[in-house]
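Q: Based on these hints, arrange chain B on the given structure of chain A.
Chains as they are written, first to last, in the working numbering: chain A, 1 to 371; chain B, 1001 to 1518.
For the record, the hints were derived by calculation from the structure and aren't laboratory data. Since the model is a prediction, treat every value here as computed from it, not as a measurement. We treat Cβ as the ideally placed atom computed from N, Cα and C, and that holds for glycine. Among the hints, a few may not be true.
Residues on chain B that point at chain A, a partial pick, calculated with CB under 8 Å [to be verified]:
1) T1343
2) R1360
3) A1362
4) Q1378
Some, not all, of what chain A presents toward chain B, calculated at C-beta under 7 Å [to be verified]:
5) K214
6) R216
7) S227
8) A230
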Amino acid sequence: MQASLRRLGLALAAPVLALLVAFVVTSIVLLLAGDPVVAVWTQLLTAPRPRLIVGIINGATVYYLSAIAVAIGFRMNLFNIGVDGQYRVAAFAAAVFAGQGWLPGPLNIFVSLLIAVVAGALWAGIAGWLKVSRGVSEVVSTIMLNFIATGLVSFLLFKVADSTTGSNVTNTKLLPPSSRVPGLALISGTPNKIYGFVLLSILVGVAYWVILNKTRFGFDLRATGRSETAAVASGVNVKRMVLTAMLLSGAAAGLVGMPLLFGQDFSYGTTFQPGLGFAGIAIALLGRNHPVGIAFGALLWSYLEQQSNGLQIQAGVSSELVFIIQGVIVLAVVIAYEVVRRAGLRMEQRNVARQLSADQPGYHLPEGTPV
Amino acid sequence: MQGVCAINDSAQSVVDAVVTQTPAVELRGITKRYPGVVANNDVTFSVARGTVHAIVGENGAGKSTLMKILYGVQRADEGTISIDGSEVSLRSPSDAIDAGIGMVFQHFMLADNLSVLENVVLGAEKRHGIADRARAEIERISGEYHLDIRPDDLVADLGVGKRQRVEILKVLYRGAKTLILDEPTAVLVPQEVDELFDNLRELKSEGLTVIFISHKLDEVLSVADSITVIRRGATVATVDPKSVTSRKLAELMVGSELPSPSTEESTVTDRPVLTITDLTLAGADGREVLSDITLTIHAGEVLGVAGVEGNGQAELVEAIMGMRDPSSGRILLEDTDISDWHTREIREAGVGYIPEDRHRHALLLDAPLWENAILGHQTQRPNVRGIWVDAAGAKADTERIVGEYDVRTPSINVTAHSLSGGNQQKLIIGREMSHAPRVLVAAHPTRGVDVGAQAAIWDQIKKARREGLGVLLISADLDELIGLSDTIRVILRGKLSGEFDPDVVTAEDLGSAMTGAV
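Bound conformation, chain A alone (with noise of 0.2 Å):
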């Protein structure tokens, strides 16, 4: 017991940490900047109105499945930096269908998800495949399928578009009404609703949670991820891994641009939000690849990135100020998490030894206790 409490005090102190340190870092380039400093942290910190909050949940809704998209790349050491191209290939695909309304509402609604899921798979498996047949580094080349991906679409959005009359605005056809999906009125004292969607969101990150806590393939991906070595001694079949690793990261990736096409903009269109995919691996890093801490880490990203709206207006500071915040937020905490482990590490090491030394006296030193 004593324990665990332990280790979720060590889990929290690195978060916690680099949040200071990126509050630290922010207010010393304010001050060196010569601008407000108590003003912008008054405006970011204070409590949001009801109609910020509908955007923090909504914005971390998109973002939380961003990320998971990610960390299942993370779990097992791979590094799928693509996700910005999948979710972007799988949207479209996923509105070209859904405009069309050959299906009844739901029906429409749920085939267009599968197809959202296999596009974005299949996308990601184009990496994954050059990983596993001709060694090349899923880095380079998800970067790579992000350019294409995003001149493929724009290419193709040019080819179906539907040309409204009077509009400069490109974009697939609107989707019938009966395949939009209603907002949740969750929140009082604003019009504004939460994306329906917000319920995928939670059931990917509990699918995430229990394939790879309790299934033995989530025990391989995990293995595989810790030490490649011994999952190949222990019989996992590394390439194929990989290869389903990519196919499900891609899966998820899909899924990501479909609460904002069936909650708010109903079309894929030069307008659609870019860049999800890079917020993804930051609050990835964040939330430690953890579901819960994932939820976390994309409600912060979406919080100041609502509260940083009011930034000109209050305290005559550019919003893009919370790029910065941001940025340092990720690199602070992939620092801290570092020393974190490691002084967790030693910590266990030296509880180890003293329970046995105490345990039993003929216990010897551990071998290549820390040189």
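A: The following block gives chain B in isolation, referenced to the frame of chain A:
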């Protein structure tokens, strides 16, 4: 403990007689603490100039830490070091080199693709330049100490023994008067060990001092002028090799009765459990790393494979375990051909596997013990039920393994990283024996574990044999092989020799076969 004191007293007087002039190296009260453990505790001894002084102690006794302190890699928390009578402060290896101390590491620090000359001058360019003066100096040192080193040979072409002599030459080139050799014989075959010892005597006769770290007692007795025994970080005694037997020395080291690996009466049956026929394996460059390996292991038989490391042992094990695809040949588990099976199928079929490098191949160091107990058996009860991991079942089974195999740990929830090597290995053996194996493949099962764990591991292998398993035992420890095996084969350049009978074979016979000298 009384015996220890007796030896200490009688031997101390002899040593005192030798140390009349100023000692070359003197350590007093050296203490080094790491969090939670004391690696060295009040270590005190002195080394006379022109002698070979051995430091013996089992793995983890604190020998390496002590030598790191003496070489300036680590700093002692307490205590003093004196060189030639004057106290020195060694903050880095370069301080140690300046003080005339040189270190020959167990793992050679040589660049294969450079020549001997280039390796020797690397980092010491200021001494004699990098060209003819340096070459002349190398030739002079080589001649003076009979090292038989040619400066323009490529290191990649040199054998292990010669590489070690290059390391020694490197140290001498830097002006060392005291050489520390860390387990220098671990990588050598018996004949090379003899050559090394001749070199050491040569160095000694030229007035140099050698500190020789080892846990191989026979070697220590044959070469050392004085022996300091370290146990659990503290000096137990300094003894004269002429007045002590290797058994007595071992007991000083271990502090208890010594286990022996000897087997009981034969349990070998005529039922083959693992049959390998004409197994050939091509390496990455197309050359054969295993050629026409043929062997049979019967139920109740331990087949030992001896060999200098890198002659195909690792590849043989990996081929059996399905981690490498043989180019040709067949591997039969009882009557089933498993040559092209996947590792998981082979493990499920009842082949237990104790890998050579437990950190890389047998453990998830950051994962708790109970997850490590699943590893390798993640499709078998009680670890899983269908597609689900059965955490409760796996934890209960881990508790059982920890109890039955005497894994010393406060809990099954600590990470594998926090256990000592011996306890990690006991967990691995317990795990492998827990799924009704028919064959056990054990590669260097007692490497880097303390004597207590070694005895326990030997007992487990003997028990496996009694229970009718076929055991393939790969080891670099000839005593272990001779003591445990029913049959010994030697592997050299990917080929297996004929059979040796462990009851009559000597370490020298095996050594000849290992180098191809027969």
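Q: Take the hints in turn and mark each one as holding or not.
A: Do the hints match the structure? See the list:
Evaluation of the B/T1343 hint against chain A yields a held restraint, the C-beta minimum of about 4 Å falling below 8 Å. With a least beta-carbon distance of about 5 Å to chain A, the hint placing B/R1360 at the interface is held under the 8 Å criterion. Among the interface hints, the one on B/A1362 holds; its C-beta lies about 6 Å from the nearest C-beta in chain A, closer than the 8 Å criterion. Satisfaction of the interface hint for B/Q1378 is found here, the shortest Cβ-Cβ separation to chain A being roughly 5 Å, below the 8 Å cut-off.
Below 7 Å, beta-carbon pairs count as interface contacts, and A/K214 has one with chain B at about 6 Å; its hint therefore holds. At a threshold of 7 Å, the smallest CB-CB gap from A/R216 to chain B is about 5 Å, leaving the interface hint in force. The criterion of a C-beta within 7 Å of any C-beta in chain B is met by A/S227, whose closest approach is roughly 6 Å, and the hint holds. Interface restraint check for A/A230: the shortest CB-CB distance to chain B comes to about 6 Å, inside 7 Å, so the restraint holds.
In summary, this structure violates none of the numbered hints.
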